Amino acid sequence: MLEQQLLNGVMLGSTYALIAIGYTLIFGVLHLVHLAHGEVFMVGAFAGLAAVKFTGGDIFTALVVGTAASALVGALVELLAIRPIRRRKGHMLAPMISTIGVGIVLQEVVARTFGAEQVGFPHRMEPVSWHVGSVTVTSLQLLILGVSIVLMVALHLFVTRTKLGMAMRATAEDAGIAHTLGIRSERIVLLTFVIASGLGGAAGVLVGLAFNAISPFMGIDMGIKGLVAMLLGGLGNIYGAMAGGLIIGLAEVLSVAYLASSYRDAFAFVIMIAVLLLRPRGIFGSTHYVEA
Amino acid sequence: MLDQYTQSVLIFMGINVILALSLYLPISAGLLSLGQGGFMSIGAYTSAYLTLNLAWPFALALAAGSLAAGIVGLLVGFPALRIKGVYLIILTMGFGEIVRVFFLNFEPTGAASGLGGIPGHTTLPLLSVIAVAVLTDFWQLRRSRIGRAIAAVREDELAAEITGISLTRVKVTVFAIGGALAGLGGGLYAHYASFIDPAQFGFQRSAEIFVMVLLGGMGNFFGATLGAFTVTLLPELLRFLQDWRMTFFGTLLVVMMIVRPWGIVGARR
Amino acid sequence: MLLEIRDLSRSFGGYQAVSAVSTSVQQGSIHAIIGPNGAGKTTLFNVVSGVLPPTSGSVWLDGEKLTGLRPDRIARMGLVRTFQGVRLFGAMTVLENVQTGRHIRTSSDLAAMFLRPPGRESKQEAAIRERAMALLDMVGLARQRAVLASELALADQRRLEIARALATEPRLLLLDEPVAGMNPVEVNEAAQLIRRIRDSGITVLLTEHHMSLVMKISDQITVLNYGRKIAEGTARQVREDPLVLEAYLGADEAEAH
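So the protein lines, in turn, are chains A, B and C. Position 83 of the first sequence, counting from 1, maps to 82 under numbering that gives the first Met the number 0, and the rest follow consecutively. Position 200 of the second sequence, counting from 1, maps to 199 under numbering that gives the first Met the number 0, and the rest follow consecutively. Position 167 of the third sequence, counting from 1, maps to 166 under numbering that gives the first Met the number 0, and the rest follow consecutively.
Please keep in mind that the hints were generated in silico from the structure rather than gathered at the bench. Keep in mind that this is a model prediction, so the values were computed, not measured. Cβ atoms here follow ideal geometry from the backbone N, Cα and C, with glycine treated the same way. Some hints here could point you the wrong way.
Unchecked claim - Stretch-level coverage of chain B by chain A, calculated; a stretch enters the list once three of its residues show a Cβ under 8 Å from a Cβ in chain A:
1. 24 to 31
2. 85 to 93
3. 121 to 135
4. 243 to 253
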C-alpha cells in the first residue's frame with residue numbers, strides 16, 4: 000500500500016518538478032517570478048490535445064506539439080511582455096506584474112477558444128497496467144516518470160556540459176560579468192524562457208494525460224504548486240526545484256491516502272505559508288533575495 | 000429617479016471605490032497585496048450568512064463582515080512583517096487562494112454552489128453615504144499623524160523606525176483596516192448581487208482591484224478612486240469589451256507596465 | 000553619564016568591525032568619535048542606535064539597556080540619529096518630515112480621525128505644526144517648508160534630518176558625519192547649530208572626518224582604529240597623542256589642525 004502511494008507521489012511530484020524547474024530557470028536569469036508560467040503549462044496541454052485531435056497522433060505527437068507550442072508562447076511572452084519592460088528599468092516588480100496580466104490574457108483566450116469546461120484526451124490513448132507485487136503501475140505513469148527524468152537529466156547536462164548552458168548559468172550568477180565575457184544576455188534570456196516554457200508545456204501534456212482533465216483553469220492550481228515547489232527548494236536552484244516538486248507530490252498523495260482528500264490542495268498552501276514564515280529562502284536557497 | 004441600469008453602474012462604481020481604497024491603504028505603506036479578493040469574500044459570506052440565516056439587521060451584518068475581514072487582515076499582517084517584495088505578493092496571493100478553497104469546501108455557506116437569495120439591502124443612497132464617509136476618512140488621512148507614519152514607512156523604513164515609528168504597528172494596521180474595508184465592500188456587493196460563490200472572489204478579483212489602484216497611479220487616494228471609476232465604466236462605455244473584460248484588463252496590465260508602471264495620475268502626490 | 004558603551008563588539012563573519020569598545024558620553028556634552036576609514040565608527044553607530052545587534056557587549060542610556068531593542072523603542076527612550084547618506088522621506092515636504100518627527104511625543108489620532116469633521120485641524124495637529132515650524136526656524140529651513148525633501152540641496156537636507164530628529168525631543172542625538180560634502184561656510188553654520196543644540200540641553204554624539212570641526216566643538220573625543228579604542232580625551236590631548244598620529248599617518252586627515 001505504502002509503495003503504491005510512494006510511486007504515485009513520485010510520479011505526481013516529477014510533474015510538479017518540471018513546472019518548478021521552469022519557474023526556477025527564469026528566476027535564475029531574471030530574478031523574476033513568472034506568474035504566467037502556470038498558464039504556459041496549460042497552453043501546452045491544450046496544444047497537445049488539439050494536435051492529437053487533428054492529426055489522430057499518439058502520445059508523442061502530443062508531447063512534441065505541446066512542448067513546442069509552449070516554448071513558442073514563452074518566447075513571445077519574453078519578447079512582448081518582459082523585454083520592453085526591462086529596457087525601461089522601472090520598478091523592479093513591474094515585470095512580475097506584467098506576467099500577471101499575461102496569465103490572465105492566456106487563460107481568457109484559451110477559455111474563449113476551447114470553452115471553459117474540462118476536456119480529456121481521446122479514449123484510444125488509455126494506458127496499460129501492470130501489477131508488480133503489491134504495486135500497480137500503468138504505462139502512463141512510467142511514461143510520465145520516464146519523460147520527466149529524461150528532461151531533468153537533459154537539463155542538467157545542458158547547464159553543466161554545453162557552452163550555451165553554462166552561459167545561462169553565468170548570466171544567472173551575474174549578468175554584468177557574463178556580458179564582459181562576451182555572453183549576449185538577451186539571447187540567453189530568450190533561450191531560458193523557451194526552455195522553461197517548453198518544460199512547462201511537456202508537463203502540461205503529461206498531467207493532462209495523467210488526470211485526463213484539461214481545462215483553461217488548470218494553470219492556476221498547478222502554477223501555484225510549482226511556485227511553492229520552487230519556494231520550497233529555494234529560489235533559483237534547479238535541483239532544489241526538483242526536490243521541492245517531489246516533496247509536494249509525495250505530501251499530497253500521502254495526505255489523500257492517510258488524511259482526507261479535501262485536504263489535498265491545502266497542502267501546497269500549508270507548505271507555502273510554512274516556507275514563507277519559517278524559512279523564506281527554502282531548503283537550498285540563499286538569503287540573498289529575501290531581504291526582510 | 001435614475002433608471003435601473005444607471006443605478007447598477009453607480010452601485011458597482013461605489014463598491015469598487017471602496018475596494019480600490021482597501022488596497023490603496025497597504026500599498027501606500029509600501030505593501031503590495033494581491034489578496035483583497037480573499038478579504039472581500041470573508042465580508043461577503045459573513046454578512047450574507049448573518050442576514051440570511053440569523054436575520055441580523057443589515058448594518059450589523061455589514062459591520063460583522065467587515066470586522067471579520069479586518070481580524071483576518073490583522074492575522075495576515077503579522078507574517079507580512081517579515082517578508083518583502085516578491086515574497087509578500089506570493090503570500091497574499093496564496094492567502095486569497097486559501098480563502099477561496101476554504102469557501103469552496105465550506106458547507107454552511109453552500110460550498111461550490113454558493114449562497115443565493117441574499118436580500119438586496121444595498122441601495123444607491125446607502126452606498127453613497129458609505130462611500131463618501133470612506134473617502135472623507137482617506138482625505139483626513141493625508142494630514143494626520145497616522146497618515147504621515149504610513150507614508151514614512153513607505154518612503155524609508157529604516158528612517159521611519161529611527162524616528163520612532165513602529166513598523167509592526169503601521170503594517171499590521173494597514174493590513175487590518177485594508178482587510179476590513181475590502182470586507183465592507185464584499186458585504187455591500189453580496190447584498191446587491193444577491194448570489195455569491197467562491198469563484199467571484201478569486202485571483203481575478205484581486206487582480207482587478209489591483210488594476211484599479213495601478214491605473215490611478217499609486218501615489219494618492221484620488222488616483223485609486225479614479226482608477227475604480229475607470230475600471231467600472233470602461234466596459235460599459237466600450238461595449239465590445241464586455242465579453243473580453245478580463246482579457247482587456249490583463250493586456251492593460253502588461254501595457255501599463257511597459258508604458259507607465261506607476262499609472263495615469265502620475266507619481267507621488 | 001548619559002550613554003554608556005560597555006565592551007561592545009561587532010563582527011561580520013570573520014571580520015571584527017568593532018572590538019571591545021568601552022566609553023561613556025557625559026550629559027550635556029558634545030562627544031566625537033573619530034578614526035581613519037574602516038575604524039568601525041559607522042558600525043559602532045549602527046549598534047548604538049539599534050540598527051544592528053552587537054556580537055557582544057551592551058549599551059546603556061541613563062541606566063536603561065538599549066542593546067537588543069528595536070530602533071523605534073530606542074527613539075522613544077530618547078536616542079535618535081541621523082545618517083551619513085541622509086535618509087529623508089523624499090516624497091514628503093520639508094514640514095511633513097519634521098512633523099513626522101513628532102510621532103513619538105504625540106498620541107494616536109486613528110479613532111479621532113474618523114470622528115472629526117473634515118477641514119478643521121485638531122488641537123494636536125495644530126501643536127505639531129507649530130512645533131515643527133519652530134524647529135524649521137531653528138535650522139533655517141522655514142521658507143522651504145513646502146518643498147519636497149528630495150528636492151533640497153545636500154546641506155539643507157542634512158539640516159532637515161537634524162530638525163526631524165530634534166522633533167522627537169531626544170536626550171541624545173547621534174550625528175553620522177554631519178558635514179560630509181559641505182563647503183567651509185556650511186561647515187561653520189553646522190558647527191553653530193550643533194553648539195546651539197547642545198546648549199538647549201541635548202547631548203550630542205557625532206562621528207566625523209572633518210578634523211577642524213571636531214577639534215573646535217568637541218568636549219570629548221574618542222579615537223578608534225581597526226575597531227579598537229586607541230585614545231580618548233579632550234581635543235588637545237587627542238591631538239598630541241602619538242598613537243593617534245600614527246593611526247592617521249598617510250591618511251589625508253593627517254594634516255590635523
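Okay, the hints, checked on the actual structure:
| no. | hint | result |
| --- | --- | --- |
| 1 | 24 to 31 | violated (count 1) |
| 2 | 85 to 93 | holds (count 7) |
| 3 | 121 to 135 | violated (count 0) |
| 4 | 243 to 253 | holds (count 9) |
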